[in-house]
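A.B. asks: Letter by letter, the chains look like this.
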Amino acid sequence: MTHPPVPFDPELAAALAALGDQVPTAITPDMIAAARQATDPAMAPPTDEELSLGGTYTVAERVVPGPADAPDISLLICTPAGADSACPAIYYTHGGGMILGDNRNGMAGMVEIAARYGAVVVSVEYRLAPETRHPGPIEDVYAGLVWTAKNAAELGIDPDRILIAGGSAGGGLTAALGLLARDRGGPAVLGQLLMCPMLDDRNDSVSAEQMAGRGVWDRTANATGWGALLGDAAGGPDVSPYAAPARATDLSGLPPAFIDVGSAETFRDEDVAYATAIWQAGGRAELHVWPGGYHGFEAFAPAAAVSQDAKAARLRWLDRLFA
Amino acid sequence: MKDLAVRLEALDADAGAALRVIAYFDSLTESRAGLQAIVRGAAVLAGVPARLDDAERRVHVRITPAGVSEASAEPADTGWPRTEIGARAVLALERTGEPGPVDAMILERAAGAARAVLDRTRGRAPAEDPALVELIVDAAAPLSVREVAARKLGLDGPVRAAARPAGPLVLPAGAAVPPGRIGLGPAVPVADLPASYAAARVALRFAADGTDDDPGPPVVAYESLGGLALLAAAPLPEAIPDLDALAHAMASAPWALATLQAFADTASLRAAATALRLHHSTLQDRIIHLEHLLGWPTRTTAGKLRLQIALALRRLARHP
Numbered sequence: 001m002t003h004p005p006v007p008f009d010p011e012l013a014a015a016l017a018a019l020g021d022q023v024p025t026a027i028t029p030d031m032i033a034a035a036r037q038a039t040d041p042a043m044a045p046p047t048d049e050e051l052s053l054g055g056t057y058t059v060a061e062r063v064v065p066g067p068a069d070a071p072d073i074s075l076l077i078c079t080p081a082g083a084d085s086a087c088p089a090i091y092y093t094h095g096g097g098m099i100l101g102d103n104r105n106g107m108a109g110m111v112e113i114a115a116r117y118g119a120v121v122v123s124v125e126y127r128l129a130p131e132t133r134h135p136g137p138i139e140d141v142y143a144g145l146v147w148t149a150k151n152a153a154e155l156g157i158d159p160d161r162i163l164i165a166g167g168s169a170g171g172g173l174t175a176a177l178g179l180l181a182r183d184r185g186g187p188a189v190l191g192q193l194l195m196c197p198m199l200d201d202r203n204d205s206v207s208a209e210q211m212a213g214r215g216v217w218d219r220t221a222n223a224t225g226w227g228a229l230l231g232d233a234a235g236g237p238d239v240s241p242y243a244a245p246a247r248a249t250d251l252s253g254l255p256p257a258f259i260d261v262g263s264a265e266t267f268r269d270e271d272v273a274y275a276t277a278i279w280q281a282g283g284r285a286e287l288h289v290w291p292g293g294y295h296g297f298e299a300f301a302p303a304a305a306v307s308q309d310a311k312a313a314r315l316r317w318l319d320r321l322f323a
Numbered sequence: 001m002k003d004l005a006v007r008l009e010a011l012d013a014d015a016g017a018a019l020r021v022i023a024y025f026d027s028l029t030e031s032r033a034g035l036q037a038i039v040r041g042a043a044v045l046a047g048v049p050a051r052l053d054d055a056e057r058r059v060h061v062r063i064t065p066a067g068v069s070e071a072s073a074e075p076a077d078t079g080w081p082r083t084e085i086g087a088r089a090v091l092a093l094e095r096t097g098e099p100g101p102v103d104a105m106i107l108e109r110a111a112g113a114a115r116a117v118l119d120r121t122r123g124r125a126p127a128e129d130p131a132l133v134e135l136i137v138d139a140a141a142p143l144s145v146r147e148v149a150a151r152k153l154g155l156d157g158p159v160r161a162a163a164r165p166a167g168p169l170v171l172p173a174g175a176a177v178p179p180g181r182i183g184l185g186p187a188v189p190v191a192d193l194p195a196s197y198a199a200a201r202v203a204l205r206f207a208a209d210g211t212d213d214d215p216g217p218p219v220v221a222y223e224s225l226g227g228l229a230l231l232a233a234a235p236l237p238e239a240i241p242d243l244d245a246l247a248h249a250m251a252s253a254p255w256a257l258a259t260l261q262a263f264a265d266t267a268s269l270r271a272a273a274t275a276l277r278l279h280h281s282t283l284q285d286r287i288i289h290l291e292h293l294l295g296w297p298t299r300t301t302a303g304k305l306r307l308q309i310a311l312a313l314r315r316l317a318r319h320p
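Quick mapping for you: the protein sequence lines, in order, are chains A and B.
Using the UniProt record's numbering, count along the first sequence one by one with no gaps and you end on 323.
Using the UniProt record's numbering, count along the second sequence one by one with no gaps and you end on 320.
Don't read these hints as lab results, they were simulated from the structure.
Here the structure is a predicted model, which means the values were calculated and not measured.
Note that the Cβ used here is the ideal one computed from N, Cα and C, for glycine as well.
Please note: incorrect hints may appear among the correct ones.
Stated by the list, open to error - Some, not all, of what chain B presents toward chain A, calculated at C-beta under 7 Å:
1. L28
2. T29
3. A37
Claimed, not checked - If you want the ones that stay clear, here's a sample from chain B, every Cβ over 12 Å from chain A, calculated:
4. D26
5. P65
6. E108
7. V188
8. R201
9. L228
10. A251
11. T266
12. R270
Construct the entire structure; sequences and hints are all you get.
C.D. replies: Pasting the structure below:
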């Protein structure tokens, strides 16, 4: 049977209507180059000045070793000015469907959150698909975490209080990072903040089907992202859980997860399923499904009531985690 | 990612911003969004707080550009861009100074969306009973009776009485003022509303119709009158020479009164010229002509005071 689409929240729908063609719903492989060149001034990455929050943070780029036999990676590190003891840290992985963005995307919001806890933010620059296929991106992300934990003392970070966080593709990479850190006996992770994470290359859930052609990052765009990362293997039998965490069969022993997603987006069902699988494995997860939310709604309409609720829920979880 | 206002600002150059404002409120209306969402939309798109006050239905919504509902103790500023929704509801953007490029469009579209919601929900809004309002501003009514009336009207916290030609009105302290000629009493606890109303009635006498025949501010707050309020208590004699002089000036030129009022209301000739949309040298010529007709200089401090008092007396005589 076909499933009718879930309606958008009225305020979120209005923001989308106002933005119009600035927000493409479907992205096909031939659009990747143009999307990377997009010059929408509102999408401009935050400057060092903006990230410094009026001088309360210092901003630095560090080039550190990447995975074995791979190029170095760049970490954008924002540190609270004048901290006199080791700080908690947020290790952040940006979104962009595996094909777009850099380590400044989404950082304005992350530093704002981090400032509440006096936390350092480390944002990793990973190689993008399709130029770099799996496992390149996740190995970059992992290498950055390993370096951060190893150099915690120099960075002023408490190595026992490193949270991993990411949105969209960054949320998927963060979930994979949690699995990888567990399986390789890597750095200890305090928690995983998965914001509307991109988890399942199969791209065949009811939510993917019913929201096709609507909102932000629909099924076609999702196929483009996974195709870029996995090539022909996408959706097939042999996809690694470190590429698509929805493929994981063992979700025990993971750090506490916070997962949020909109009810009107492609990722709804895979994100709900991931939280469910964590619980079924005896793990800790907090799940929020925001009614009428399309992908990344709180970034497009930050003042909307449902966006404020979504941001507040994250902070309440972080309050409990960092307390 | 920046918010909508920043995005829309960046688009002003191509006039797309107005279209996007239209799309925003059309979409809200289509999905039957509520008043909070509509006022929030106005605040977000304008980048300043927005407030909707419907005195009749006792709807008071104020939202900051961050989307947060936040009451304000500050009274509404009559200089803010605003639009009326029906007879007694006002939607205002809390912007002083230069209007934003799409303020007018935001107000028009948000007001249209809000009107649809108010009309749809009108049945559920309790109608304000004029008899109850008259009761709570009546010093002769026992306090206990006035308190019951206030509860029925849903009033608590600081309130101010307002006087209109049609009768009394009671507004929450920070609420926007409905349009038309109106005098405002000070914000007080409910028990002191009779005194606030007495003050509002005095203020109303100083409020102008805003017509050529009665230029000047239509909204006057008692607190702003200072010692001028004492004039209202004085019995006015049959003939006041300075009012005859004003009449003489008015008879000679249709623009006389509006010109004198603007000159009296502003700090400089240049500011008065801007308000009247005249070249300042034209205004200077007119003022010299009017001084001749009035028989006293108006560009001296003492002369300007005399003019202001004459204009105030004229309004008191006109609105007994």
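A.B. asks: A separate judgement is required for each hint: does it hold in the structure or not?
C.D. replies: Each hint, compared with the structure:
1. Annotation: interface hint on L28/B holds; nearest CB of chain A at approximately 5 Å, less than 7 Å.
2. Evaluation of the T29/B hint against chain A yields a violated restraint, the C-beta minimum of about 9 Å exceeding 7 Å.
3. The interface hint given for A37/B holds, since its Cβ lies 5 Å from the closest Cβ of chain A, which is under the 7 Å cut-off.
4. The Cβ of D26/B sits about 7 Å from the closest Cβ of chain A, inside the 12 Å cut-off, so the non-interface label is violated.
5. Under the 12 Å C-beta cut-off, the non-interface status given to P65/B relative to chain A is violated; the minimum distance is some 7 Å.
6. Distance to chain A confirms E108/B as a non-interface residue, since its nearest Cβ pair spans about 15 Å, more than 12 Å.
7. At roughly 34 Å, the least C-beta separation between V188/B and chain A is larger than 12 Å, which holds for a residue marked as non-interface.
8. With a minimum CB-CB distance of about 41 Å to chain A, R201/B clears the 12 Å threshold, and the non-interface call stands.
9. Residue placement check: L228/B keeps its beta carbon more than 12 Å from all beta carbons of chain A (closest about 43 Å).
10. For A251/B, the shortest C-beta to C-beta distance to chain A comes to about 55 Å, beyond the 12 Å cut-off, and the non-interface label holds.
11. Chain A leaves T266/B outside its interface by the beta-carbon criterion, the shortest separation being 38 Å against a cut-off of 12 Å.
12. With a closest Cβ-Cβ approach of about 38 Å to chain A, R270/B is found to remain outside the 12 Å limit, as its non-interface label requires.
Checked against the numbered hints above, the structure breaks hints 2, 4 and 5 and satisfies the rest.
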